[in-house]
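**Student:** Full structure from sequences and hints, please.
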Amino acid sequence: MSYDFNIESPQTADELLAVIAANQDKNFRFGAGGTDLLLELKRAPQENLTVVNLAQLKDPIFKSITKVAGGYRIGALVTAGEVLDHEEVKSEFYTLWEAAHNLASMQIRQVATVGGNLCTASPSGDIACALVALHARCEIINTKGELRSVSVADFSTGVRKTVIQKNEVLRSVVVPINSNPNLHSGFIKVGTRLSMECSVVSLAYHIQMDDNRTIRHAGIAIGAVAPTIKFTDSACAFLIGKSKLIDTEREEFAGLISDYASPISDVRASAWYREEVLFNISKGLME
Amino acid sequence: MKINFTINGKGRAKEIKASTLLIDLIRDGLKLKGTKPGCFEGECGACTVLVDGHAINSCLYLAVNVAGKSITTIEGLGGEDQFLDIVQEKLIEHGGVQCGFCTSGMAMSIKSYSDKCKEEGKVPNRNEVAKSLEGNLCRCTGYVKIVDAAISVCGN
Amino acid sequence: MNDELKYIGKPQPKFDAKERTTGRSVYGHDIELSGMLHGAILRTKYPCAEIISIDVSEAEQLAGVECVITAADIDANKISFKEDHPVLKSGLVSCIRDEIAAVAAETKEIAEQALKLIKVKYNERQGIYDPFESLEEEAVQINQWQPEDSPKNVSMTFEYEHGDLEEQKSKSKVIVKRRYHLQKMTHCCMGSSNITADYNPAEKKLTLYCGTQVPFLYQRDMAHCLKMDPSRIRVIQPVIGGGFGSKLDVNPFEPICAFLSMKTGRPVQILYSRYEEFLASPTRQSMAIDLTSGADENGRFTFREVEIIKDNGAYTSWGATTPFVMMQTFSSLYKMPACKLTSTAVYTNNPNAGSFRGYGNPQATFSVERNIDLLAEELGMDKSQIRKLNSNTPGEITGQGMHFRTCGLLEAMEIVAEKSNYESKKDMEQSGRYRRGIGLGSMLHVGGGAKIYRSDGCGTTLKLDPYGCLTIITGSSEIGQGSETVLAMIAMEEMGLSEDKIKIINSDTDVKPWDVGVHASRTSFIAGNSLLGAIGKMKEMISPRAAKLMGVEIQDLVYEKGLIRCAQSDVQIALDKVVRDLHFMPPHELAEVSYFYEPPSKYQDKGFKGDVSGNYAFAAQAIEVEVDTYTGNVKVLDVWVAQDVGKVLNPMGLQGQIEGGVVMGIGYGLTEETQMKDGYVLNPNFHNYKLLTASDVPEIHFYPVETNDPAGPYGAKGVAEAPLIPTAAAIANAVSNILGVEMNELPVTPERVLKAMKNKSELTERLV
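Chains as they are written, first to last, in the numbering used here: chain B, 29 to 315; chain V, 543 to 698; chain E, 523 to 1290.
Keep in mind the hints are simulated off the structure, nothing from the lab.
From a predicted model like this one, the values you see are computed outputs, not experimental measurements.
Backbone N, C-alpha and C fix where the C-beta goes; we use that ideal spot for every residue, glycine too.
Label pairs and their calculated CB-CB ranges:
| no. | chain 1 | residue 1 | chain 2 | residue 2 | range |
| --- | --- | --- | --- | --- | --- |
| 1 | B | 280 | E | 819 | 51 to 59 Å |
| 2 | E | 541 | B | 97 | 58 to 66 Å |
| 3 | E | 1282 | B | 303 | 12 to 20 Å |
| 4 | B | 83 | E | 945 | 57 to 65 Å |
| 5 | B | 83 | E | 722 | 43 to 51 Å |
| 6 | V | 594 | E | 949 | 50 to 58 Å |
| 7 | B | 299 | E | 900 | 33 to 41 Å |
**Tutor:** So this is what it looks like as structure tokens:
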């Protein structure tokens, strides 16, 4: 078997749903930017595969970032580069902006999409990690045109596994907007070099503070330390109502985050290192 | 399937397979060998070309998706009336070339980034310029002179 | 030579830069010959196994397949200078790169598909992946063709000694003994390995388009492997996408491709994928170095005693001979009264190592420079002072017999100490998450070639055409380092010609004169001297005729701007006119000359003593780093490099070599490692093999030291390997200084940094 496949390139949302419906009994995969899919297919070609090529889809809901009640809707086909160029995303969701900023390279960011980063369901997905911290929700559409909503935190069910059914496609994500004036938001990516990294440990944080800099809402997610990206509920709850942490509190807070980690050792780092670093950067987060 | 596109300013029609990668269309189909195969996994950037002005890795891009679009490769960088683009001039002037295998890709990335900066009226700093070249590996130069060249392109 | 130089010493963009930047250069990957087939190689599935059977019948029947070969189909001599490496393996496979079969087909895709149809039955065996285990008594013999006179699983040993070791030990106030672990590193040439072989059955001639760095040795080695007359092999070197030492050996894919072409009578091309490049190109060898060194109460070095165990891999390559260079550092970097070295290259079931920029010297220098820091600490001495105190000096003849006629080491050390503000940074207070500090390292390397072959020379042929254009046909090769440019500059300087009046031919063994190849930082030195010799001969031919035509004395002639003029009057004549006069007037001569330059260096004796190089290069580096104690990440902030280059020929090219070398050295120090487990390569891609990117590059401050060596062209020394040699050592010294730990293993990964900190704090807790 060699690298080869058929292709369907729907131009509109209706055509897309029709293509999905028509391929229900066939082996098909979605390709948006294609940066993960093509690599995978070159390494492990599949028999009788159809690639549903989303790169030519022109539907605005899939393709754009729009303001909606209580937040922003980001289409699944919005690229990392488009996220970076969006001023409101940068000011409202800095953790997402920074995750996109540190994703691979300029060339990859030009084509890699938000939806692709989610659907690849890698535990080290950077955009996905930021979206988990932001309490974002996935909007999934099926061949009948029915829409359902799932939190990004629940979207991935394991390494390379998601809740998407065969008759469904990820259309967009909705990110709730901030309700507080002060933000402590960012994305920490640990690797051996400064760029082109697959995170060894990642931590997305989006902490909202009131006028007195008291923490009112907190979203912290960690990546590459468990089979899926984890939202750290108890660590977030620990922060509510506090403003500054004293040394012992920082250690306690870091411990709460670390409780969500169950890392493995691989070619990039050992489980010991991942645990150690996660604890340290968590501690450093509130310094 | 047959696709129509523009390459280095000239319209073309070409028969391709659904799975054909853009790099193979360019190197094998169009015999434009200046675009270099470095890794075929989107890591080294040697195969970088412009699609509608934006730098992409042609090894991770389906040829079918250039239908109706405009591709620029290193052979088309200088344009019709001038032989060398300013990017090429600056790479030469600053000593940004050694073995040259990464050079085509570097030049295309610099072109894409400097055009974007000009469009936004922005003069980027050294770190920003270096960041724009992270997707282009070079084993010879240590990047310093390539970044110097890119800065001087962006400063103009 | 002129006191006032017009071109030498002035920045000159690369001679070939326009071609490179416009995508017009033809690399091996770009060659398409008519009727060309595409070759592909089937490699073993297991690093150590017995091959029970190979069935190629299905592959042969696939439409578009022209030829399938296995070991049974070829009559070949084994490759490597120990002749222990069959190009196609039968019976046993001994490492994961092993070649079992090869296919030539109409397209790349068909060739790849055919490989999948070849059925191989294996009986997997337990391999040995640690050289220390290979040396155990019960270990099985790994390579059945290993040298008969060597102990089991030993490919090559080196023993070296000078001075009275016991006496020096007794003089020592402090003695430091450490084991250093150095990793495997891949060259990562951006252009992967490739070859196009074109055999003409009618003429029985073989043309090889390949990226070798040593075309004439390659021609000989290939002929031996293929059992051919070397003169029937023509080697053409297309533009090469990086060398760095990776292309000194003949590798199996090259004769394999030749055999495919010979079997089919058609041109065949083999291009490595990046995966293959990581799997099956030679690497910098990993090794363990046990170094014991001493110093007396004044801080003067007394002795070094070294034992090295090198992982040779399953077969022997030039990499096995790196102790030849390593011993120079142990015996002669800093004044050294006594030195004893034993080095053993040991077979394992890992892919075989090869040669790599620095040729063992980064490993040797790492151990030497780490030990110096430890000696200084034990003596309570300043780390810069102890180095300066022991510096080599001009005129020194070392215990190994190397004669440092010029030596800029002390000056280099003084420059980096001053420019880096070493004094203020060496004992910075260390607290908080981010900590900064500085480390030092120096190096010694050959600067005027290395006489390891019977000749270390290079030939040049010059041709002046009737239009006044000079063609330089040089034995040397351009591999991206800029040697063409330096040669062009020399010709511009001496002949008074502009750049557009110079052509360089350097890529065809049928045309160019002999040269030993690109290694040992030798090309500007050897090929430059060769060109100067040839220009001298050319002038002996041109000047008398010019003087006659002009009616002036020969000694008054000046070559300038395409003219020859008289220094004493305003008489002048165009160079092309003189050439035409030579050509068209009796006795009708062509303006062509040839010259062979053999450096004054000596072939070393059996004890490795002798003045092996035309001159010697020295360098010092100071490196400031910042350690993130939360993640273990080490960020290199500034690198100060001072290097004795003899004389700056092309400042632009030189700076490029320095920057490229330093960044490669930082990679070696911090991020790069070809990771192995049980004989498999764990990271055979750029995703997990971490080359540095543009954002990782620090400020590099370079200060050339000009010692004007009498042997070098215009006083120059070789420069290209040096900048990477001390870098990793200086980084490890900086991190060790900052954290109060010992980083004795490369690369200094974030994980190793955190481990070292943890071990230190646990040790402190236990002591408290």
